[in-house]
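S.K.: Sequence:
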Amino acid sequence: MKSLAASDFKEFFAAAHDGARPFRWQVRLVNQLLKDGSWPEQIGAPTGSGKTAVIDAHVFAVAAMVDGIGAVVPRRLALVVPRRVLVDSQFDHACRLARMLAAASSAQSEVVQRVAGALRSLRWEQAPRLGPAPGS
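Following the working numbering, the numbering of the sequence shown begins with 1036 at its first residue and continues without gaps.
Honestly, the hints are just simulated from the structure, not real lab data. Watch out, some of these pointers could steer you wrong.
[Claimed, not checked] Think about it this way: if two alpha-carbon atoms lie no more than 25 Å apart in a straight line, the pair counts; the simulated BS3-like pairs of lysine-lysine are:
no. : residue 1 : residue 2
1   : Lys1086   : Lys1045
2   : Lys1045   : Lys1070
3   : Lys1037   : Lys1070
4   : Lys1086   : Lys1070
With the hints as constraints, model all of the structure from the sequences given.
M.R.: The structure is reproduced here in structure tokens:
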């Protein structure tokens, strides 16, 4: 399988968002993460502009790091949002994304398969299984 490329984020995003295309600021964020591993101090995008997609950007950046094309980024992401409904929707999206990656197969996009494979390589196979993923 070929390595991930920064341009693959658009296809990964579309798979995670029912075919939608990322906003330019989301693509710039991924490019920044891949280039130097740094996050902006805050993301001040207006309501409805896709801030939850920072989860997708982070997952893609971690997979790219593992694949050897991106800068070193932390493996964990913490989002701070002062509204409960946003926290719930972010959790729901993260669970949906986790299920998509766990079920990655030849029926899905090649980019999703590559991201899932890169992330699986981080897993410690002897780790105890704690049950189903949240939201499953």
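S.K.: Each hint needs a verdict: does it hold in this structure or not?
M.R.: Hint by hint, here is what the structure shows:
no.: 1; hint: Lys1086 - Lys1045; verdict: holds, 16 Å
no.: 2; hint: Lys1045 - Lys1070; verdict: holds, 17 Å
no.: 3; hint: Lys1037 - Lys1070; verdict: holds, 20 Å
no.: 4; hint: Lys1086 - Lys1070; verdict: holds, 20 Å
Taken one by one, the earlier hints all hold for this structure without exception.
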